[in-house]
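**Student:** Position one of the first sequence corresponds to residue 13 (the working numbering), numbered consecutively onward.
It cannot be assumed that every hint is accurate.
Capping the alpha-carbon separation at 27 angstroms, the derived lysine-lysine pairs in DSS-like fashion look like this [unchecked claim]:
{"no.": "1", "residue 1": "K142", "residue 2": "K195"}
{"no.": "2", "residue 1": "K195", "residue 2": "K84"}
{"no.": "3", "residue 1": "K164", "residue 2": "K198"}
{"no.": "4", "residue 1": "K198", "residue 2": "K84"}
{"no.": "5", "residue 1": "K398", "residue 2": "K428"}
{"no.": "6", "residue 1": "K159", "residue 2": "K142"}
{"no.": "7", "residue 1": "K159", "residue 2": "K24"}
{"no.": "8", "residue 1": "K142", "residue 2": "K164"}
{"no.": "9", "residue 1": "K164", "residue 2": "K24"}
Please keep in mind that the hints were generated in silico from the structure rather than gathered at the bench. Values in this document were obtained by computation on a predicted structure and should not be read as measured data.
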Amino acid sequence: MRLYNTLTGEEKEFAPADGKTVKMYVCGVTPYSSTHVGHALSYVVFDTLRRYLEYQGYQVRHIQNFTDVDDKIIQRAQEAGISEDELTERYIDDYFRTMDALNIQRAEAYPRATQEIGPILDTIGNLVDKGYAYPAGGDVYFRVNRKEDYGKLSHRSLEGMIAGARVQVDEDKEHPMDFVLWKGAKPGEPSWDSPWGPGRPGWHIECTAMSLRYLDYPLDIHGGGQDLIFPHHENEIAQSEAHTGIQPFAHHWVHNGLLQLGEDKMSKSLGNLVSVEEALATYSADALRTYFLSSHYRSPLQYSDEGSAAMERSMDRFRHALRPATEDEAAIEATNQGQEPLDSDPYLERFMGAMDDDLNTPQAIAALFDLARDINRERGAGRSVKAAQSRLREMGGILGLTFEEPAARNDELAAKPFIDLLVSTRTELRQARQFELADRIRDQLASQGVMLEDSAQGTTWRYQRSA
RNA sequence: GGCGACGUAGCCAAGUGGACUAAGGCGGAGGUCUGCAAAACCUCUAUUCGGCGGUUCGAAUCCGCCCGUCGCCUCCA
């Protein structure tokens with residue numbers, strides 16, 4: 013497949029260096045607040061990339077970090093009156109719970125910065141020894157001037173960055189863009205001993221140490237949100253290449269566009285967050301995944317409630333297409349030996365072609381909808397759609413879709429016997445041709461969000477989820 | 001101020017020089033089915049791609065200018 017590489021700004025044919033195993037490092041979260049839909053978008057994208065690579069026969073070694081020590085974590089923990097560990101544990105649990113709910117496959121390992129202090133100190137020590145870093149005022153800084161190609165990922169120059177003005181002046185730094193590898197501890201902060209005094213790792217160094225330890229360089233894919241390109245990934249490249257001398261640090265840099273909420277990007281500092289938990293309370297994982305994948309991964313996507321609701325409605329087409337054959341349909345199919353079964357190969361080809369084109373999921377999804385329509389049409393015409401149905405499941409599976417009806421909530425489960433009773437009463441009324449009463453029951457159930465569907469096989473009902 | 005992206009139907013969103021008489025989804029209109037609905041299916045819903053010029057046999061796609069929106073440059077997926 014062709015895959016865009018942020019470093020070169022071009023699409024490039026992707027294949028793992030060893031031809032078999034893809035080493036994929038994806039930047040994880042800093043766990044100090046609830047997992048939001050922007051995170052969900054990003055991890056759905058990388059999960060889909062991984063699933064597609066696996067579908068093509070590669071083995072994917074996926075490593076993802078937790079940066080579980082930083083200023084915000086310390087601040088939040090103090091505000092809440094709990095330890096940093098308690099706080100991060102809580103949000104790491106939240107992360108796994110919501111990602112599982114979104115059907116995101118787990119990485120091979122989730123190393124945490126606080127549990128990798130040894131390798132981090134080794135990395136910093138080596139950078140100091142090589143002259144790429146220097147201690148100053150209890151901190152240790154990376155010397156950006158020593159790395160000739162600093163700025164190559166974000167495509168900017170040191171001059172340009174300084175011209176940008178908003179660079180903090182720091183007495184201890186040799187150059188304003190030097191960034192911290194090790195932060196000297198202030199009173200009350202969590203700290204670890206180091207050759208430069210007690211302190212904690214800076215933001216970027218953990219990824220350098222952990223990607224080296226768990227995957228070894230060069231990585232095949234390094235990923236994250238576009239907001240990580242600078243400074244995080246820029247600094248990671250600088251550190252990692254300086255540390256090992258191995259270039260490139262990563263063959264392919266993959267960055268997803270950011271989710272927009274209304275006019276603005278959704279971000280922690282703006283406080284305009286929608287948690288995944290909230291979204292999943294109303295919409296199915298399938299609907300949310302399809303929504304996230306309905307625009308190209310490098311483009312920004314407008315998130316809205318209406319958008320989620322629209323996707324939820326569209327999921328019905330898939331679910332309907334995948335319903336097992338009724339007895340009548342099975343009987344017709346059995347007697348209709350002469351008819352060719354529905355051929356789904358062209359849809360798979362379209363799907364693969366789209367995915368090969370820099371993960372063009374919008375077009376892949378279009379192929380899915382077209383196949384679903386074809387199935388719905390042809391099953392009515394008595395053709396066998398069984399193979400096409402399993403093909404649709406297979407293609408959906410690459411996008412992480414399950415096509416399951418949304419699971420009933422507890423209150424809904426409790427209401428089920430009563431709804432069943434009303435429905436069977438209505439069936440009797442219909443048989444007695446008391447349509448007025450029957451329709452009133454249907455309308456009133458509908459106003460409670462219970463949608464009835466009559467067919468030759470009887471009446472089915474389901475909850476209306478898309479508000 | 002520097003770097004970058006984008007502007008396609010009522011909404012979301014693909015397509016980035018010729019098969020585009022521009023995917024797909026939502027919404028809307030009509031129809032088939034139905035006791036009536038719902039669901040599903042069928043038909044229709046952008047002679048046109050922010051505006052103005054230019055390059056070309058040919059542009060939504062390339063170039064220039066203008067208008068508008070957004071992102072990064074600071075914690076962020």
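**Student:** Okay, which hints does this one fail, numbers in order?
**Tutor:** 3 and 5
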